[in-house]
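Each chain, letter by letter, is given below.
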Amino acid sequence: MNEKTGFFRKPAVQSLLGSLISILIGLLIGFVVLLLINPAGAGAAIRTILLNFMTKSSGPALMKALGNTLVKTSPLLMCALSVCFCYKVGLFNIGAAGQYEAGAGVALYCALGLHLNWFVCLVAGMLAGALLGAISGALKAYRSVNEVISGIMLNWITLYLVNTILTAPGIKDPTSPYTLTLSTTNPSAIIPSFGLSALFANNKTVTIAIPLAVLIAVAIWVILTKTKFGYELRATGFNKDAAKYAGMREKKNIIITLAIGGGLAGLGAGFLFLSGYMQWSVTQTSVPGMGFNGIAATFLGGLHPIGTIFSSFFIQNITDGGSLIDKAVYPSQISDLISAIIIYTCGFAAFFRQMMNAFIAKKADKNEPNANAVAEEGGKK
Amino acid sequence: METPYAIEMLNITKRFPGIIANDNITLQLKKGEIHALLGENGAGKSTLMSVLFGLYQAEEGVIKKDGKEVKINDPNDANALGIGMVHQHFKLVQCFTVLQNIILGVETTKNGLLQMDEARKKVMELSEKYGLKVDPDAVIEDITVGMQQRTEILKMLYRDNEILIFDEPTAVLTPQEIEELMQIMKKLAKEGKSILFISHKLNEIMEVADRVTVLRRGKYIGTVNVADTTQEELSRMMVGRDVQLVVEKEPAKPGKVILNVEHMTVASKTHANNAVKDVSFQVREGEIVCIAGIDGNGQTELVYGISGLEPLVSGKIEVDGVDITKAPIRKRAAAVSHIPEDRHKHGMVLDYPLEYNMVLQEYYQPEFTSSIGFLKPKEIREYSEKLEKEYDVRSGQGAVTIARSMSGGNQQKAIIAREVDKEHKLLIAVQPVRGLDVGAIEFIHRQLIAERDAGKAVLLVSLELEEVMNVSDRILVMYEGEIVGELDPKTTTTEELGLYMAGAKRNVGKEA
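Note that the protein sequences, when read in sequence, are chains A and B. Residue -8 is where the first sequence starts when you use the working numbering, and the numbers rise one by one after that. Residue 34 is where the second sequence starts when you use the working numbering, and the numbers rise one by one after that.
Wrong hints could be hidden among the right ones.
Chain B is faced by these chain A residues, among others (derived, beta-carbon under 10 angstroms) [said to hold, decoys possible]: (1) Phe220; (2) Gly221; (3) Ala226; (4) Asn230; (5) Ala234; (6) Asp317; (7) Phe342.
It should be emphasised that the hints constitute simulated quantities derived from the structure, not laboratory data. None of these values were measured; they are calculated from a predicted model. Every residue, glycine too, gets a C-beta built ideally from N, C-alpha and C.
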């Protein structure tokens, strides 16, 4: 076999190429949409989306914008890890969005209602997400309820539950639909920065949550590939009958997996809301996109914990970049539309990988008979 | 120019990454002959048939039909050339009738409505002509495996196929049904059909085939007339060395009772009735007890009950005096090794590398997992390589080979290595040689006897009569969830065993 096809058969290379193709196609479709709306500004707009923080003129402004993007990348990465972890065990954790809501709700309640410090709030948020995940897991393990169905229903139940809980006086700002800011109500609940914010032009929302999220991604990768626990979980995901045969407790593993997935998503919400970057709106009537974007980031990241670090950053980057488009030329929704298109095509990363495989196989099949034909000719002489 | 050959596959070469599955193989099927294709697992039989069926494209070589070169790009091309196949696992729609299954895909319609009467007439004519007894209106799930197979054959005939491929057709049949199939095949050949018969059962090949082509490790070994050869010669061609066809073993020296099953009842997953009904038996150390019976008479559920994959409805199981009736699987595994019936479903995690599969039962032991829960990659690799060597497990890239890419025989050897090497008192082996070739069968049977001689209790579940008769020290026959007979392989005959298996005779439990 020639070396070139061998290189393209490597799974890592395929993952990367599949993701890059999805991004390209997404950008292309996005660009066409921009052209249709207003051809004059399309080039500049797509550039803004991609470059995001790099379009800032001065160094400090650039670093500050990068800091903002990173602050939002860490919860996205956690949601992506949540989906990725469960996916390795054969579970599709669409409930990450609800687990994220639960994390946000409990973390904020602990911070604003109970005036606890950041670490306790963070852990409480994580446990809330884990509990929600465990409910889906238990329903799946003992009642064969598909985790997608229970996850979607729990997403909505949790949304309104959190809205209700956070409406309490002392938590919600009486003059707006948002929760009170941590900096005025309980500064001790803000995740510390340990000097990190200085690197980002004193962006106060840059906290240790960002490096922590990356570390957790690495930890998840280690757990899945290097430990007994990961061995069991992946075996269950690949073949639950063989897992049962080998004496693994598949029911227990399903619950633990979804609980861990939920914990990751809940922790992600804590990372965002306990950084003081934004407040929860108790009037929101749609499930936050973070959990769903996590699904896109997982697939774009090649279903690999390390890959999701980069894909999460990319998705957050274009989402933020989208909001910087010239609003005089394009309607304000355009940024969401473009990033949605790209995220949508990202979901096809796995599909492109498959196409590529089929293409390579076909090409290999076609090439070799030719080579043989030549060999035969030679033989006849 | 008239050629005597219906199909010729000349100098076929098919490569896969790291392996040459077919290396310059030539197979010439004469019109009206029964041509057996014989070879070990991984010898390239399936690949060759896949090339003929258009599932794979050969890199070298040509295929000729009636002397003319043809190109087979997909199974539709194969069908158009009149090539049909009865697969080892039937491709029938369970809730359709025989007739509906036969016409599936080639229905005659008028204004979009099915014309069943014409089809029925043709099916009945074919059925009579070739002696293929079927009830056209019976639903597949209600009929015997033999009739299902006849339905598959009729499917080929209904499509006017001239070249019929039978892939290991006797594996699922009773002795009586096998005899019938042999007659049908002879009749088909007499009527001018050309038959390719893929098998590893030498006695069947000797009985029914005219010529036989032997493959070994992807290479063409030769084509011989069956009339001019012997079973011994064929097995030597196939394996490349002398093979003992009859397993040699000392008389058993049974010791104390290891497995004690009392009044075991196990529910069925498929019907309301219990699959195993009030079964009691014992297996002692140093003996091989074989559960014989036709597939689907409760053997699977019996083993599920003992291994813990299914809970019991009632009854008691003891291993070496310890009650394990309610014990979790892992606790049972301390004393019980289990070579499962379905190696893909239970036996292996196919997407895991071989080394991970080798430790599937023991990965959690301190040998392979550190005290803080990290796997020990070096120890796992060494252990896997040790087993691969001892049990001659072959794979493309050794310990890191993904199990899915290994041949069935080597997958089975890996499972056997794992189960035999681990601590145990009782070994349950369910159809351990299913789909394997003579060389592998010999190896596995020797392992089972070695286990017995090492003082283990062996419970063998088998559908193959030869295996039942050759390997076991005691035979228990299961029929409809009950043990209906206890036989001594030294004094019983295949015919008698067949009668018990078919439910016509019993000597245990209720009086016949």
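Task: Structure-inconsistent hints, enumerated in ascending order - done: 6, 7
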